[in-house]
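Dock chain G against the given chain X, drawing on the hints supplied.
Residues per chain, in single letters:
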Amino acid sequence: MKHRPLRTFLSALLIAIPVTLVLTLTGLSKGMIEDFSARTRGIGADIMIRPKSSTFTSLGSAPIPEGVVDFVRKQPHVKVATGILMQSLGTPTSSAAGIDLNAFNEMSGGLEYIAGGPFRTANDVIVDEFYLNEKKLRVGDEISLWGADRKWRLVGVVKPGKLNRVFVDLRQLQELTGNTGMVNIIYVKVDDPAITAPVITELKKKLVDYPIFSMEEYTSLISYDSLPMLSRFTNVVVGISIFIGFAVVCLSMYMAVLQRTREIGILKSLGASRWYVLSTILREAVLLAIVGTIFGIGMSYVAKWLLETFAPASLPPAIDATWWPIAAGIALVGAILGAIYPGLRAARMDPIEALSYE
Amino acid sequence: MSERPIIQVKNLRKIYRVGKVDVEALRGVDLSVARGEFLSIIGPSGSGKSTLFHVVGGLTPATSGTVLVEDRDLVKMSDPERTRMRKTVVGFVFQKYNLLPTLTAADNIAVARDIAGQNSSIEPEFQKVLDLLGIAGRLKHKPFELSGGEQQRVAIARALVNHPAILLADEPTGNLDTANSEIVLSLLRDLNDRLGQTILMITHNPEAAAYGHRVVKMRDGRIDG
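Read top to bottom, the protein sequences are chains X and G. Those letters in the first sequence? Residues 4 to 361, per this note's numbering, in order. Those letters in the second sequence? Residues 839 to 1063, per this note's numbering, in order.
No wet-lab data here; the hints were simulated from the structure.
With the Cβ distance kept under 8 Å, some of the chain X side facing chain G (calculated, not the full set):
1) A275
2) P354
3) I355
Pulled from the structure, derived: some chain G residues nowhere near chain X, Cβ distances all over 12 Å:
4) K966
5) L970
6) K978
7) S985
8) I1021
9) R1027
10) P1044
Pairwise CB distance ranges, derived in the manner of DEER restraints:
11) G:A974 x X:D353: 31 to 37 Å
12) G:G857 x X:L347: 21 to 27 Å
13) G:S958 x X:R351: 22 to 28 Å
14) X:L13 x G:R1052: 52 to 58 Å
15) X:W278 x G:R1027: 36 to 42 Å
16) G:K858 x X:W278: 33 to 39 Å
17) X:Y360 x G:G857: 17 to 23 Å
18) G:S958 x X:W308: 41 to 47 Å
19) X:L347 x G:V1053: 41 to 47 Å
20) G:P939 x X:W308: 39 to 45 Å
21) X:L261 x G:P882: 30 to 36 Å
22) G:P939 x X:E37: 52 to 58 Å
This structure is a prediction, so every number in the text was calculated from the model and none was measured. Note that beta-carbon positions come from the ideal geometry of N, C-alpha and C, so glycine has one too.
If we strip away everything but chain X, and leave its shape as in the complex, we get (with noise of 0.2 Å):
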């Protein structure tokens, strides 16, 4: 290997390339669930009540009247209940939350403004730091977030980790998309939390089919292997992690033994035997992975500080070091099968045949 660098290098680059797309992946899946996660606990609720018709991913199309909001409130033990309404911004990783300000900061705690301040007409809009820099905003600015028909006003700055990343005042929302008098989640503080489970199974018998979780359920139900549509993709994406790995060791051995034809027919008039050769070639393909795993790894490393950099809002990363000794085991699972054609056909030789190539 450290005679052909320049093959060696290349090869290991390729091998590396599959590991960073699985590191990242998973790195990406980490930290979106870490982020939402944290999210969804600085909101500084108890309970979690969702739509009937809601399943654990989705909030589905029927939402929650403001009555409901009311009702919870009286509740014995509760001591904040605030309704907010969920919408898309378009993608996937991205939605505004309609919110009560007031009662929202009384749950939680408050919005820490950076830049700016609370709303102030029916237009404004306040969005989290990370929001800020993706998008290139600044205070004051104008912006589209459902057609370029209504303008927002982005009147304050907050640090991330509280529920969203952009916040609209509830009325606005629920006008803008038909939805008036509608919430999609209802948040629930008690004066106790230690008495969330009875206030939840109280709630249950009077709120018949409405989804209930404790803050503390829900965000230990958020995980990778609860999104099965993550686990699939991912599934896919380590597949073909496989086939390249193979497909880049097959070929660069395929090269290396096509180049080396004669000093494998010397190896062999020497008593090397079947085995030699092909544990030759094989322990080539093993050491390719070792470095490309060491290249991907530290090709998963920019590939977080580029996220980071260039969308730390829609696409929170983080490094997930659990995954590397299963992202070695794909480089080398592709390395070793992608090594055998080659290293099999070397060792198939013959001698004399290869002793005479030139």
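Same frame as chain X, now just chain G:
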């Protein structure tokens, strides 16, 4: 010299299949080489001398006949058995040296040790052979840094490092100038004289062949005197 021949070839035939045509390269060769003998086989191109070299060295199977090397019949050996035999029973020296280009001279020699399952460091006793070959000071060099004569001497060292019973040399001076040819041939003769190394050398050059104890001529796949 021992009375029992180290190589005994009887009625050896070798037929190659080239496309749809059978080529009879060896047509009943009979040959006997005594232990410690330096035998030269001479003949024109196409006479079958290289094929005989390949068969006796276990690089290719015979079609029929008997090839006893140290009392083991190569004709009855499987491919893996012939591969094992090449590790320690025979050592090859080729016209084009056939050194591994990316390794130093020392590593080229060590590879042969490694393949034979030996410790890849060179034995102290082998130093005598390296001194005899005059390459002890050139072992850290790669083949492209060595002259043709030096490369061939490294190839001879590699062929001898596992103490083979037979050294097979195929046109060992074919790529060398006269001065280097004389050095290599004298060395082969020295190795034979001093170490009792059995050598079977193939050449088309009568002057080179004359370095052997005995010269056998080949023509049309047969021994011709």
